[in-house]
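A.B. asks: Line order of the protein sequences matches chains A and B. UniProt numbering applies: residue 1 is where the first sequence begins, and numbers increase by one. UniProt numbering applies: residue 1 is where the second sequence begins, and numbers increase by one.
Since the hints were derived computationally from the structure, they do not count as laboratory data. Careful, some of the hints might be misleading.
Which copy? The list can't say, so a pair holds if one copy fits it or any two copies do.
Claimed, not checked - The list that follows gives simulated cross-link-like pairs (lysine to any residue, SDA-like), each with its CA atoms no further than 20 Å apart:
{"id": "1", "residue 1": "K250", "residue 2": "R183"}
{"id": "2", "residue 1": "K250", "residue 2": "A114"}
{"id": "3", "residue 1": "K250", "residue 2": "S232"}
{"id": "4", "residue 1": "K250", "residue 2": "S174"}
{"id": "5", "residue 1": "K250", "residue 2": "P93"}
2 protein chains.
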Amino acid sequence: MTGARPPVDVDRYIAETGAAVSAYLATVFPADAQPARLFEAMNYSLLAGGKRIRPILCLAAARSFGVREEDAMPAAAALELVHTYSLIHDDLPAMDDDDLRRGRPTNHRVFGEATALLAGDGLLTEAFALLSQPLNVPPERQLQMIQTLARAAGPYGMVGGQQADMEANRTTGSLDQLAFIHRRKTGMLIQASVVIGGLFAALGPAEREALAAFGIEIGHAFQIVDDWLDVSGDTEALGKQTGADERMQKLTYPSLIGLERTRQLAEERYEAAVSALEAAGIDAPLLTGLAAYVVQRNR
Amino acid sequence: MTGARPPVDVDRYIAETGAAVSAYLATVFPADAQPARLFEAMNYSLLAGGKRIRPILCLAAARSFGVREEDAMPAAAALELVHTYSLIHDDLPAMDDDDLRRGRPTNHRVFGEATALLAGDGLLTEAFALLSQPLNVPPERQLQMIQTLARAAGPYGMVGGQQADMEANRTTGSLDQLAFIHRRKTGMLIQASVVIGGLFAALGPAEREALAAFGIEIGHAFQIVDDWLDVSGDTEALGKQTGADERMQKLTYPSLIGLERTRQLAEERYEAAVSALEAAGIDAPLLTGLAAYVVQRNR
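Bound-form chain A, shown alone (with noise of 0.2 Å):
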């Protein structure tokens, strides 16, 4: 510790800023907004209470180089809009099939596949019209958030990292081509999440680098612990059914190296991430905090 500053509670920043995301996603959507029950399948994902790392990683990383809160939020929530997007899209019967979501019936369950499919389209476009209002940042440095929410989503990111799980095989699949997929399918959405919050700084390229390198760090942890809780986590706490990479024979963590060399590579994730902020010398306790959540949480 340097000085006198009193340690992060972490727990509670999660806590209370979860709470102020999913209260200002409330706000998103106007309740007269037509067409209702596109609107409706909107919301009825995007409010189904999920973690909101994303947007708390932004808004962390806002604040760890004094960025208020308010100023960051349209941001955060614009991460929030894309996660909640992409899970809808892989729910679809096309996609993984799924039933249950964080507990509750899939989109498509409740609204039928093609109102699923244009909740999902909407979400995806609106997290770019929030991100492209008049917000308190200098526009160079605005346009370079889009850019990097863009490339972490699409087809060099999220979306390319889903297809390359759908195509991945599960016999001749190796290490690599496990961490490729992870990366693009998780990591770069969950590093453009703090490199975005970031961005409202005015940071220099070392800082701007040891932020984007933090960021992958935790997003890789992100994914194997994500595979790791799929075959030791617990059904209730995830509000999902565990088990479900073995029964759709993915390729993951825990099928290559097994449980144990799995968790162990999650820590190794979580030191390099804290490394990579102290070879910098940023002190962003509430960011290193925030990364052992990631690997210790259990949903």
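Based on the hints, put chain B in the right spot on chain A.
C.D. replies: Chain B only, in chain A's frame:
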């Protein structure tokens, strides 16, 4: 005519500019991008030889105010990516379940539903990547372009129009309801094409408003003609089967007011579009020529 300016050859402009747009679109995704099948699926639909009417309108608006084609091309391409994504998702079994598009099998008939879904998602997201890269335009105006595209394509625009179209009941539907659907489903993205082209130039509020009014009128005309062509058009010229609206029992202008009045309505929208430019003192023969093309086209 004012002075000695030669008449604009709109057909030639459309042919040449459409070819330039197609050539640019072929460079958007690098040949070796992974996962290969996702990029193949995106290019399959993107390079299927559409009319390129949205990019052409964008480039024509920019050129009418002295902007070079190469400066506006990435924005023009972004509009075509969004249009192409909407076609892929619209053709999916959960939506219109179409087998044929532009004379070829639809995306999901070739690549399967899951990849087609992701190809659509990827094209939509990449559009915002194209539009947020460094462009030769002040960043404030570039942010306005992104905002314009997101609003036109999202739940308040195209996605909302698709939902409303799906819900529309032919027996109880009204002209007001049809106008709501058409404005969102097609009109706003066509309007955005003109508005975004204009944003490359430093225009005053009156000129911007006139361009927006011109855009919404030709967008309306475009969809009216689409309805008309589905009844009176030629399957070979269209590259898709006519009569689809009738089979799907869609709410359309011909079903509400008959063929002749539908044709008249398109002409009225054309007149209103031209008047909007004239009232603001904008002399843009390229734009009025394109408006005429939109109303007179046979595909």
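A.B. asks: Could you place K250 and R183 in one of the four classes (within, between, both, neither) given a Cα distance threshold of 20 Å?
C.D. replies: Answer is within; shortest intra-copy Cα gap is 16 Å, inter-copy 43 Å.
A.B. asks: Classify it for me, K250 with S232: is the Cα-Cα distance of at most 20 Å met within a copy, between copies, both or neither?
C.D. replies: Classified as within; 16 Å inside a copy, 50 Å across copies.
A.B. asks: How do K250 and P93 come out at 20 Å by Cα distance, when the copy is not named: within, between, both, or neither?
C.D. replies: Answer is within; shortest intra-copy Cα gap is 17 Å, inter-copy 26 Å.
A.B. asks: First find the shortest C-alpha distance between K250 and S174 inside one copy, then the shortest across copies, and answer within, between, both or neither for a cut-off of 20 Å.
C.D. replies: Within. Shortest intra-copy distance 12 Å satisfies the 20 Å Cα cut-off; inter-copy 49 Å does not.
A.B. asks: Indicate which option fits the pair K250, A114 if close means a Cα-Cα distance not exceeding 20 Å: within, between, both or neither.
C.D. replies: between (27 Å within a copy, 16 Å between copies)
Hint check: no violations occur; every hint is consistent with the structure.
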